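Protein chains in written order, with the working numbering: chain C, 157 to 389; chain X, 157 to 389.
Worth flagging that the hints you see were computed from the coordinates, not collected in a lab.
Mixed in with the good hints, there may be bad ones.
The list treats identical chains as interchangeable, and a pair is accepted whether it falls inside one copy or across any two copies.
What the hints assert, rightly or not - Only pairs whose alpha carbons sit at most 25 Å apart, straight line, appear in this in silico SDA-like list of lysine to any residue: (1) Lys294 with Asn213; (2) Lys329 with Arg172; (3) Lys218 with Lys295; (4) Lys295 with Tyr234; (5) Lys231 with Asp243; (6) Lys295 with Ile339; (7) Lys320 with Leu301; (8) Lys218 with Trp280; (9) Lys212 with Pro244; (10) Lys266 with Asn232; (11) Lys302 with Tyr234; (12) Lys285 with Ala252.
Owing to the predicted nature of the structure, the values given are computational and were not obtained by experimental measurement.
There are 2 protein chains.
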Amino acid sequence: MTKKIKIKKEIIETPRLMVDIVLFKVIDNTLKLLLIRRGVKPFKNMWALPGGHVDKNEALEKAAFRELEEETGVKNIYLEQLYTFGDPYRDPRGRAISVAYFALGESGQKFHLKSATDAAEVDWFSVKKLPRLAFDHKKIINYALKRLCWKLEYTNIARNLLPKLFTLSELQKTYEVVLGKKIDKRNFRKKIVALNLIKPIKKQKKNVAYRPPQLWTFVAGKNLILDKRELIF
Amino acid sequence: MTKKIKIKKEIIETPRLMVDIVLFKVIDNTLKLLLIRRGVKPFKNMWALPGGHVDKNEALEKAAFRELEEETGVKNIYLEQLYTFGDPYRDPRGRAISVAYFALGESGQKFHLKSATDAAEVDWFSVKKLPRLAFDHKKIINYALKRLCWKLEYTNIARNLLPKLFTLSELQKTYEVVLGKKIDKRNFRKKIVALNLIKPIKKQKKNVAYRPPQLWTFVAGKNLILDKRELIF
DNA sequence: GCAAAAGTGTTCACGGTACACCCATGA
DNA sequence: TCATGGGTGTACCGTGAACACTTTTGC
C-alpha cells in the first residue's frame, strides 16, 4: 500500500460508497429487469445489478446514471433513490455501502445494450426467472419490486413505463404485468379516467385488424403522488 | 496482485459517509425534535441534527444509535432509515454523504440529555419553531416530517410515540399534534378500534378528577403496515 | 360474416365523515 | 352540584368490486 492510502486511513476510515441500479421495463408483456454478468472478481461470471463506485465529487444520482450507461449503454430513463444497503459484510472485498436506485424504461424504447470490461454481458431477465445473483442484490431487487408495485397504485409513475402515446389496453396490461394480477377492464378505465392524469388525443391507432383504439397521453409533465399520499415524498 | 492494489487506491477516493438522526417526540402536546448546538467548525454554535461519521466496519443503523447516544445521551428508541442525502456541496469541509435516520421516542420516556465536545448543547425544539440549521438539515427534517405524517396514517408507528399503556384520548392527541389537525373523537375511536391494533386492558387510569379512562395497549409486538400498503417496505 | 380487441353502466358493500349528548369521577 | 374529560350511534356519501354485452374494424 502506498503512503497516500495510509494518510487517508488515519484521517477518516470510511466505507466505500457505491450505487446499484434496478432498471425495470415491460417487454413482451413481462416485467423484466436489467442485469450484467460480472467480468471481474468477486462473483466473477455471476449475474448482478449494474452499478459501481461513486466518484469523489459526483452526485449520487449522477453516479447511478453514469454507471448504468458505462456498463449497459442505457440512458434517458427515470431514476429515483430506493434505499441504502449497508450491511458490513455485504461485499467480500471489504466494507462497502450501496445506495440503490430504482429505474424505469419505456416499453417501446430501444436500448443499445453493450458490455464493458467489468460487465461481460448484459441482458433483460423476467423478474419471475432470475438467476442467482451476486452480493445482496436479490434483496435489493425484492425491495425495488415492492416499491414499484406500490408506486404504480398510488402515483402516476406508470408514465415512465409507457411511450408518449398508448391505448388504455396497453396501460392496463402494464398494470397487470407489474402487479401480477388481472384487472377488470371497466373498473380500470373508470378509475384511470376519473384521476384526470391521462387524456385522449385526436388520433386513433390505425391498421389494426379490429376496432381501432383511442390513443391517450399523460397530462402532467412530471411525476405525481395521488391523493393524500402526496405526503410521502 | 498489482492490479488489486490499484483498485484499492481508487476505492479510497470515496466520499465520507455519515449518519444524521431526526428524533421526534411529543412533549407538552407539541411535536418536538432533538437538536444539538455544534461545538466545532463548521457551523460552530449553530443548531444541527445529531450525527457523525460511520466507522469502517460499523452497520449504518448502529452508527446512528451510537452517534445519538454519544452526542445526546439518548438510547432505546425506534429507528428507521429515511433517505440518503448526497449533494456534492452539502458539507463545506468536502464531499460527505449522509444516510439520514428517522427516530421516535416514547412520550413519557425520560432522556438524560448530555452534551459532548462536538455537541455543546442539546435540546428539544418544536417543529414549528426551529432555529436556523447547519448543513442541509432543514431539508432532512422536512423530509422526515412527511414520512412521519404518512406513517402515522398508514402504519401502527404511533406505538413508538406512546408509552406501553395509554388512553384513547392520549392516542388521539398524538395523532392531532403530529398531523396538525383536529380529529373527530367518535370517528377516531371507531377507526382505531376496528383496526384491531390496540386492545383495552383491565385497569383504568386512577386519581383523575373526572371519569376514569380505559387504558389500552398495542397488540402486535412489532411495527406493521396497514392494508395494501404492506407493499411499501 | 367472422375474428379480435374496443368500449360501455349498474348494483352492492364498505369505509369515511359529519354531527350532539349523557356518564363517571374528584373536588 | 359542578367541572372535567370519557364515552357512545346514526345517517349520508363516495369509492372499490363484481359482472356481460355491443361496436368497429380488417380480412
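So, going through the hints one by one against the coordinates:
no.	hint	in the structure
1	Lys294 with Asn213	between (29 Å within a copy, 22 Å between copies)
2	Lys329 with Arg172	neither (41 Å within a copy, 44 Å between copies)
3	Lys218 with Lys295	both (23 Å within a copy, 20 Å between copies)
4	Lys295 with Tyr234	both (21 Å within a copy, 23 Å between copies)
5	Lys231 with Asp243	between (29 Å within a copy, 21 Å between copies)
6	Lys295 with Ile339	neither (28 Å within a copy, 39 Å between copies)
7	Lys320 with Leu301	within (24 Å within a copy, 35 Å between copies)
8	Lys218 with Trp280	within (23 Å within a copy, 36 Å between copies)
9	Lys212 with Pro244	both (21 Å within a copy, 9 Å between copies)
10	Lys266 with Asn232	within (11 Å within a copy, 51 Å between copies)
11	Lys302 with Tyr234	both (17 Å within a copy, 23 Å between copies)
12	Lys285 with Ala252	neither (28 Å within a copy, 38 Å between copies)
Hints 2, 6, 12 from the earlier list are contradicted by this structure; the remaining hints agree with it.
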